[in-house]
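Number of protein chains: 4
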Amino acid sequence: MSDLADLTAKYREFSKERDWEKFHDPRSLILALVGEVGELAELFQWEDPEVNESEISRTALQQRASEEVADVFLYLIRLADVLQIDLLQAANLKLTRAEERFPISRFSGIAPSKLA
Amino acid sequence: MSDLADLTAKYREFSKERDWEKFHDPRSLILALVGEVGELAELFQWEDPEVNESEISRTALQQRASEEVADVFLYLIRLADVLQIDLLQAANLKLTRAEERFPISRFSGIAPSKLA
Amino acid sequence: MSDLADLTAKYREFSKERDWEKFHDPRSLILALVGEVGELAELFQWEDPEVNESEISRTALQQRASEEVADVFLYLIRLADVLQIDLLQAANLKLTRAEERFPISRFSGIAPSKLA
Amino acid sequence: MSDLADLTAKYREFSKERDWEKFHDPRSLILALVGEVGELAELFQWEDPEVNESEISRTALQQRASEEVADVFLYLIRLADVLQIDLLQAANLKLTRAEERFPISRFSGIAPSKLA
Numbered sequence: 010m011s012d013l014a015d016l017t018a019k020y021r022e023f024s025k026e027r028d029w030e031k032f033h034d035p036r037s038l039i040l041a042l043v044g045e046v047g048e049l050a051e052l053f054q055w056e057d058p059e060v061n062e063s064e065i066s067r068t069a070l071q072q073r074a075s076e077e078v079a080d081v082f083l084y085l086i087r088l089a090d091v092l093q094i095d096l097l098q099a100a101n102l103k104l105t106r107a108e109e110r111f112p113i114s115r116f117s118g119i120a121p122s123k124l125a
Numbered sequence: 010m011s012d013l014a015d016l017t018a019k020y021r022e023f024s025k026e027r028d029w030e031k032f033h034d035p036r037s038l039i040l041a042l043v044g045e046v047g048e049l050a051e052l053f054q055w056e057d058p059e060v061n062e063s064e065i066s067r068t069a070l071q072q073r074a075s076e077e078v079a080d081v082f083l084y085l086i087r088l089a090d091v092l093q094i095d096l097l098q099a100a101n102l103k104l105t106r107a108e109e110r111f112p113i114s115r116f117s118g119i120a121p122s123k124l125a
Numbered sequence: 010m011s012d013l014a015d016l017t018a019k020y021r022e023f024s025k026e027r028d029w030e031k032f033h034d035p036r037s038l039i040l041a042l043v044g045e046v047g048e049l050a051e052l053f054q055w056e057d058p059e060v061n062e063s064e065i066s067r068t069a070l071q072q073r074a075s076e077e078v079a080d081v082f083l084y085l086i087r088l089a090d091v092l093q094i095d096l097l098q099a100a101n102l103k104l105t106r107a108e109e110r111f112p113i114s115r116f117s118g119i120a121p122s123k124l125a
Numbered sequence: 010m011s012d013l014a015d016l017t018a019k020y021r022e023f024s025k026e027r028d029w030e031k032f033h034d035p036r037s038l039i040l041a042l043v044g045e046v047g048e049l050a051e052l053f054q055w056e057d058p059e060v061n062e063s064e065i066s067r068t069a070l071q072q073r074a075s076e077e078v079a080d081v082f083l084y085l086i087r088l089a090d091v092l093q094i095d096l097l098q099a100a101n102l103k104l105t106r107a108e109e110r111f112p113i114s115r116f117s118g119i120a121p122s123k124l125a
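Protein chains in written order, with the numbering used here: chain A, 10 to 125; chain B, 10 to 125; chain C, 10 to 125; chain D, 10 to 125.
The set of hints was computed from the structure by calculation and includes no laboratory data. Among the hints, a few may not be true.
Remember, identical chains collapse to one label, so a pair may be satisfied in a single copy or spanning two.
To be verified - In silico DSS-like cross-links for lysine-lysine, where the CA-CA straight-line distance does not exceed 27 angstroms: (1) 31 / 103; (2) 103 / 25; (3) 19 / 103; (4) 31 / 19.
Build the full structure now, drawing on both the sequences and the hints.
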């Protein structure tokens with residue numbers, strides 16, 4: 010129904026209509042993003058739910074996780090828009106570079122300390 | 010060139026080829042995401058660069074920010090994939106709900122404590 | 010009334026009495042810490058309150074900030090205890106090293122990209 | 010050798026001597042704190058090291074964790090100082106309240122969604 014460009018435009022319009030663009034400087038958006046990442050972390054903080062949760066509570070967790078992941082995503086989209094970053098292009102570039110930096114033959118089953 | 014579904018599939022394939030899927034449980038991916046959010050925050054930690062940086066250093070900052078934003082995005086994509094969350098749909102839903110919760114007439118120029 | 014060693018011991022006892030030590034592995038505590046850092050960030054996300062808040066709301070903010078800072082501190086204390094890290098000693102060492110790395114003559118008024 | 014009040018004073022002096030106090034507003038310090046939390050998260054992102062690391066690499070991890078925990082602690086101390094928060098008192102208050110909110114009889118072995 011929608012792609013990333015549509016969503017970016019929708020959020021931009023949402024901000025403009027409410028005169029909220031003035032709040033959306035990079036530092037404010039990063040702090041807001043951190044707030045949402047915190048809520049996401051909280052959902053998973055005490056245990057790996059896949060291990061010992063029942064089917065019902067797993068569904069509830071998945072629903073809540075979906076909301077928090079969406080919140081993080083929205084602030085990331087807005088931040089990228091404000092910074093004039095093409096999210097898809099930037100991420101594609103990074104992933105392509107990761108393919109080169111971590112050849113299959115050498116990194117099979119071995120996690121590097123970090124992806125990028 | 011690519012949309013979000015392609016990028017999600019590309020990252021999934023990247024993980025499968027390297028036998029890295031075993032590392033990509035939700036908690037591990039959230040910790041990795043936090044690591045990248047930390048690098049993003051660090052870029053903007055001491056001042057609002059838009060205020061007093063020269064044109065040249067702003068370009069350098071924009072380039073570095075692009076890389077960190079991309080890293081956060083990639084882990085978020087992977088996390089959503091592992092949790093079977095449709096990122097675009099979930100974010101669209103959240104934004105639509107925010108439009109209802111924050112009517113233009115009442116919230117013009119007034120930032121709520123949080124978007125969602 | 011209390012020093013850091015007392016507080017560390019009090020939290021350890023609190024955890025033991027409730028049989029919560031099993032939840033306090035490093036990864037879980039870091040995720041919990043991230044949750045509290047998120048709440049702290051949220052308090053300051055939209056503007057610098059010192060600029061345009063009234064005296065009353067500044068007091069309210071200071072009170073809420075005090076609670077969130079305390080939550081972050083508590084998880085940090087617990088994490089250090091679990092990892093057998095002497096917080097005061099480790100921080101003193103880092104600060105002493107920073108004094109050497111950033112001589113006053115060269116860094117006066119100039120923020121390094123990071124402290125440590 | 011040193012207690013928390015000494016460390017707070019030492020960091021305050023360190024900042025004053027370098028004319029860095031102007032950088033230490035709450036938002037900047039929170040962003041810096043997030044940067045250090047990110048480095049801490051990164052150390053533990055891929056697996057629980059206690060499970061399958063050798064003794065040697067556990068020592069290395071413990072050393073690196075000690076440095077990152079110290080960095081988080083230092084920014085937290087500085088933030089508390091700037092916000093005129095008594096860290097020990099605030100944390101003691103929170104822990105005392107947690108003792109009341111989570112009676113041993115009812116919460117033994119059961120992690121609440123969050124401590125505070």
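Which hint numbers doesn't this structure obey? none
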